[in-house]
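Sequences are here, hints too, so could you generate the full structure?
There are 2 protein chains.
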Amino acid sequence: MKLTILKENLKNGLNTVERIVSKSLTLPILNNVLLETIGNFLCLTTTNLEIGIKYWILAKIEKENKTTIPIKPFSNFVSLLPEETISLEIKDKVLNIIGKNYKAQIKCLDPEEFPIIPKFETQNFIEINSVIFCQGLSQVVDFSASSQIRPELSGVYFVFQKDRVYFAATDSFRLAEKTVYYEKSSVFIKGIEEGYSFILPQKTARELIGIFGEKEGKIKIYFSPNQVLFEYILPETAHPQIRLISRLIEGEYPNYQEIIPKKYDTQLILNKNDFLNQIKSASLFSGKTNEVKLKIDRKKQVLEVASQDQEFGEQKSQLFGKINGKETSVSFNFRFLIDGISNITTKDVIFELNGEEGPAVLKPAGDISYIYVVMPIKMS
Amino acid sequence: MKLTILKENLKNGLNTVERIVSKSLTLPILNNVLLETIGNFLCLTTTNLEIGIKYWILAKIEKENKTTIPIKPFSNFVSLLPEETISLEIKDKVLNIIGKNYKAQIKCLDPEEFPIIPKFETQNFIEINSVIFCQGLSQVVDFSASSQIRPELSGVYFVFQKDRVYFAATDSFRLAEKTVYYEKSSVFIKGIEEGYSFILPQKTARELIGIFGEKEGKIKIYFSPNQVLFEYILPETAHPQIRLISRLIEGEYPNYQEIIPKKYDTQLILNKNDFLNQIKSASLFSGKTNEVKLKIDRKKQVLEVASQDQEFGEQKSQLFGKINGKETSVSFNFRFLIDGISNITTKDVIFELNGEEGPAVLKPAGDISYIYVVMPIKMS
Numbered sequence: 016m017k018l019t020i021l022k023e024n025l026k027n028g029l030n031t032v033e034r035i036v037s038k039s040l041t042l043p044i045l046n047n048v049l050l051e052t053i054g055n056f057l058c059l060t061t062t063n064l065e066i067g068i069k070y071w072i073l074a075k076i077e078k079e080n081k082t083t084i085p086i087k088p089f090s091n092f093v094s095l096l097p098e099e100t101i102s103l104e105i106k107d108k109v110l111n112i113i114g115k116n117y118k119a120q121i122k123c124l125d126p127e128e129f130p131i132i133p134k135f136e137t138q139n140f141i142e143i144n145s146v147i148f149c150q151g152l153s154q155v156v157d158f159s160a161s162s163q164i165r166p167e168l169s170g171v172y173f174v175f176q177k178d179r180v181y182f183a184a185t186d187s188f189r190l191a192e193k194t195v196y197y198e199k200s201s202v203f204i205k206g207i208e209e210g211y212s213f214i215l216p217q218k219t220a221r222e223l224i225g226i227f228g229e230k231e232g233k234i235k236i237y238f239s240p241n242q243v244l245f246e247y248i249l250p251e252t253a254h255p256q257i258r259l260i261s262r263l264i265e266g267e268y269p270n271y272q273e274i275i276p277k278k279y280d281t282q283l284i285l286n287k288n289d290f291l292n293q294i295k296s297a298s299l300f301s302g303k304t305n306e307v308k309l310k311i312d313r314k315k316q317v318l319e320v321a322s323q324d325q326e327f328g329e330q331k332s333q334l335f336g337k338i339n340g341k342e343t344s345v346s347f348n349f350r351f352l353i354d355g356i357s358n359i360t361t362k363d364v365i366f367e368l369n370g371e372e373g374p375a376v377l378k379p380a381g382d383i384s385y386i387y388v389v390m391p392i393k394m395s
Numbered sequence: 016m017k018l019t020i021l022k023e024n025l026k027n028g029l030n031t032v033e034r035i036v037s038k039s040l041t042l043p044i045l046n047n048v049l050l051e052t053i054g055n056f057l058c059l060t061t062t063n064l065e066i067g068i069k070y071w072i073l074a075k076i077e078k079e080n081k082t083t084i085p086i087k088p089f090s091n092f093v094s095l096l097p098e099e100t101i102s103l104e105i106k107d108k109v110l111n112i113i114g115k116n117y118k119a120q121i122k123c124l125d126p127e128e129f130p131i132i133p134k135f136e137t138q139n140f141i142e143i144n145s146v147i148f149c150q151g152l153s154q155v156v157d158f159s160a161s162s163q164i165r166p167e168l169s170g171v172y173f174v175f176q177k178d179r180v181y182f183a184a185t186d187s188f189r190l191a192e193k194t195v196y197y198e199k200s201s202v203f204i205k206g207i208e209e210g211y212s213f214i215l216p217q218k219t220a221r222e223l224i225g226i227f228g229e230k231e232g233k234i235k236i237y238f239s240p241n242q243v244l245f246e247y248i249l250p251e252t253a254h255p256q257i258r259l260i261s262r263l264i265e266g267e268y269p270n271y272q273e274i275i276p277k278k279y280d281t282q283l284i285l286n287k288n289d290f291l292n293q294i295k296s297a298s299l300f301s302g303k304t305n306e307v308k309l310k311i312d313r314k315k316q317v318l319e320v321a322s323q324d325q326e327f328g329e330q331k332s333q334l335f336g337k338i339n340g341k342e343t344s345v346s347f348n349f350r351f352l353i354d355g356i357s358n359i360t361t362k363d364v365i366f367e368l369n370g371e372e373g374p375a376v377l378k379p380a381g382d383i384s385y386i387y388v389v390m391p392i393k394m395s
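If you're matching them up, the sequences are chains E and Y in order. Remember, my numbering sits 15 above the position in the first sequence when you count from 1. Remember, my numbering sits 15 above the position in the second sequence when you count from 1.
A few of these clues could be false.
Intra- or inter-copy, both count: the list cannot distinguish identical chains.
[What the hints assert, rightly or not] Calculated lysine to aspartate or glutamate pairs in the EDC-like style (CA-CA distance at most 20 Å, straight line):
1) K295 - E98
2) K331 - E104
3) K310 - E231
4) K115 - E329
5) K230 - E198
6) K106 - E127
7) K26 - D289
8) K341 - E51
9) K115 - D289
10) K233 - E246
11) K331 - E99
12) K235 - E372
13) K26 - E104
14) K331 - E98
Please keep in mind that the hints were generated in silico from the structure rather than gathered at the bench.
Take a look at the structure:
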């Protein structure tokens with residue numbers, strides 16, 4: 016292998032693919048990046064056996080070959096180099112990194128030891144705006160279950176329909192669902208009319224947001240029964256720049272639609288930031304139970320939030336809003352309320368209650384694409 | 016106690032005094048803030064028995080009194096309140112915090128249990144620009160010894176002379192000294208001609224930087240044999256806003272001036288950022304020894320830095336500069352070089368060497384107020 020490449024491009028590629036590399040003691044090759052010349056590109060590959068990432072960088076290739084070296088020190092070294100062209104060359108199982116005033120040599124491992132990232136044989140894909148996709152995903156990703164007791168809840172559930180995809184996540188205490196529409200012209204999934212779904216591991220969803228969240232452009236999502244491929248095409252070259260393959264979680268996702276209430280007893284429309292601050296203030300007095308008590312006064316059009324800590328003290332606050340339906344009192348774990356309110360991006364939040372024990376709903380006012388369902392704490 | 020106060024002012028005061036409060040299980044009162052009305056002010060006090068802070072806030076006092084409550088939740092609560100006036104009132108050993116739409120009650124402890132911050136009876140002080148004082152202190156504070164094997168090295172050594180103060184710190188591997196000049200008109204120390212010195216705990220020095228580093232104005236430093244007082248006068252009110260009292264470290268500071276070389280064998284003048292990047296790059300190949308090897312070529316006017324890690328690989332880089340004196344080779348722990356270079360704020364750095372084993376010096380080009388001394392690694 017012999018090539019020259021721009022420092023900035025190599026740095027960006029390494030920063031992207033090293034995201035999924037965590038120090039592996041059992042299989043040290045997983046700490047490595049595979050460097051491979053393909054056509055006019057240097058291709059970087061990393062994997063943690065759950066996720067694999069490939070990243071293509073335009074380079075001036077003089078001799079083709081491939082090799083593998085530890086990614087972290089290589090990436091750190093490249094970051095510190097001046098903004099110039101870098102020469103990479105393999106000689107005697109050593110990668111030579113050469114610039115105007117420096118020369119480094121890194122020992123290579125046999126590239127045959129590097130795990131194979133499976134090829135993806137499917138023409139079924141949908142195309143979606145990458146920023147909108149990642150923004151939507153970020154509104155649900157935190158609510159997957161962190162335990163593995165019910166593995167199917169440990170991921171984000173994707174449901175594709177003809178013109179849209181639903182993301183859903185729940186840890187059985189609360190549930191969030193987001194709807195994102197894709198470009199209608201670009202749906203190439205056989206049998207999409209019947210719907211198509213899979214459960215994506217939470218870690219993969221988080222990496223998608225980190226990698227594609229600030230990349231203007233489109234992502235193609237390719238499906239197969241056990242795996243999914245996310246592909247980002249660089250607009251300038253019309254060549255794939257990034258491919259991320261992930262395993263899927265096996266199992267059947269619960270019919271979460273059943274949990275979303277279709278009606279409400281009481282509806283509040285509140286200023287989002289004021290409501291968030293009110294719950295945060297109340298949380299400081301909630302003690303070990305995390306309980307905040309809500310009392311809805313329809314006549315005064317006021318929400319009263321109270322909390323009490325036997326040792327420390329107590330507080331009460333009022334927030335005015337638009338209130339319809341029955342008066343009621345209901346308690347929540349403040350953390351679940353804060354999580355839901357925080358994910359609402361509109362000025363006002365709609366808060367729908369179903370008595371002391373029924374599920375409550377938080378949603379953005381004037382935006383039907385997001386819903387957050389939370390169960391109250393049963394009154395003792 | 017009954018008073019009204021601006022939320023923003025109370026928040027700023029609490030944020031300042033809570034800095035030194037760490038969760039104490041043995042003496043829970045140390046988690047508290049003492050609230051006290053003094054004239055037209057609410058005075059906040061905290062202490063960790065090493066440091067005590069008082070913070071005065073203008074308030075509308077209706078009834079005088081004092082009390083003490085846990086600071087962290089109180090401070091968090093105040094931060095979340097709207098930007099308005101807050102009423103504070105003690106009733107039945109409970110502090111009532113009242114605003115337009117909220118009311119909180121926090122249980123008070125007996126203020127007599129709060130540790131007494133000793134009064135400071137001295138007229139001896141110097142006055143210094145707070146920002147310049149903190150910037151200077153921050154250039155040495157990290158080099159105090161973190162262990163307590165030699166307690167006198169665990170602090171920053173202050174030496175006051177007629178027109179200036181020296182800050183010195185060393186952990187016996189390296190040493191830094193900074194000189195800061197004060198306003199000549201405002202020195203009121205008896206016997207200052209003979210010099211006056213003390214050793215300030217590293218933690219206090221760090222808190223000073225955090226508290227006063229961004230406050231435009233002047234600090235007065237008052238001395239006594241075992242304690243020191245730092246006072247910040249609010250320009251608008253001409254009243255002290257903050258007083259910080261700290262214990263001093265007992266013991267005799269070593270005669271560190273002896274360690275600073277008075278001459279050099281080799282002198283380099285290098286671009287600071289390039290030199291820093293060069294050492295950082297080399298560090299990635301330095302392995303467990305942290306060793307980077309420097310070779311000075313006077314004819315080519317070049318500094319060559321080499322490093323080697325048996326498992327990972329090796330590197331060499333060149334940096335051109337102005338070089339005088341003898342050619343030499345010398346090894347350093349890269350961390351000590353990086354720490355020294357990082358604290359130099361000028362474009363160029365002067366690097367003076369004294370052979371393979373003599374102490375080396377780093378200093379800013381064109382600024383005689385800072386010096387950093389570091390010992391080489393002995394060649395094996």
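**Request:** First find the shortest C-alpha distance between K341 and E51 inside one copy, then the shortest across copies, and answer within, between, both or neither for a cut-off of 20 Å.
**Result:** neither (66 Å within a copy, 46 Å between copies)
**Request:** Since the copies are identical, ignore which copy is meant and state whether K331 and E98 lie within 20 Å (CA to CA) inside a copy, between copies, both or neither.
**Result:** between (58 Å within a copy, 18 Å between copies)
**Message:** Within, between, both or neither: how does the pair K230, E198 come out at a Cα-Cα threshold of 20 Å?
**Reply:** within (17 Å within a copy, 54 Å between copies)
**Asked** From the Cα coordinates, with 20 Å as the cut-off, is the pair K310 and E231 best called within, between, both, or neither?
**Response** neither (45 Å within a copy, 47 Å between copies)
**Prompt:** Given identical chains, is K115 near D289, meaning Cα to Cα at most 20 Å, within a copy, between copies, both, or neither?
**Reply:** between (57 Å within a copy, 13 Å between copies)
**Asked** With identical chains treated as interchangeable, where does the CA-CA distance between K295 and E98 reach 20 Å or less: within a copy, between copies, both, or neither?
**Response** Close across copies (16 Å), not inside one copy (46 Å); limit 20 Å.
**Prompt:** Checking K26 and E104: alpha-carbon separation at most 20 Å within a copy, between copies, both or neither?
**Reply:** Intra 17 Å, inter 59 Å, cutoff 20 Å: intra-copy only.
**Request:** Measure nothing new, just compare the shortest in-copy and cross-copy C-alpha distances for K26 and D289 to 20 Å and report within, between, both or neither.
**Result:** Classified as between; 18 Å across copies, 43 Å inside a copy.
**Message:** As a check of your reading, is K331 near E99 (CA-CA no more than 20 Å) within one copy, between copies, both or neither?
**Reply:** Close across copies (17 Å), not inside one copy (61 Å); limit 20 Å.
**Asked** Should K106 paired with E127 be assigned to within, between, both, or neither, using CA atoms and 20 Å as the limit?
**Response** So K106 and E127 pass the 20 Å test inside one copy only (17 Å; across, 77 Å).
**Request:** If the cutoff is 20 Å on CA atoms, where do K115 and E329 land: within, between, both or neither? Let me know, please.
**Result:** between (67 Å within a copy, 17 Å between copies)
**K233 and E246: within-copy, between-copy, both or neither at 20 Å Cα** = This pair counts as within: shortest intra-copy Cα distance 8 Å, inter-copy 58 Å.
Comparing the model with each earlier hint shows violations of hints 3, 8, 12; every other hint is respected.
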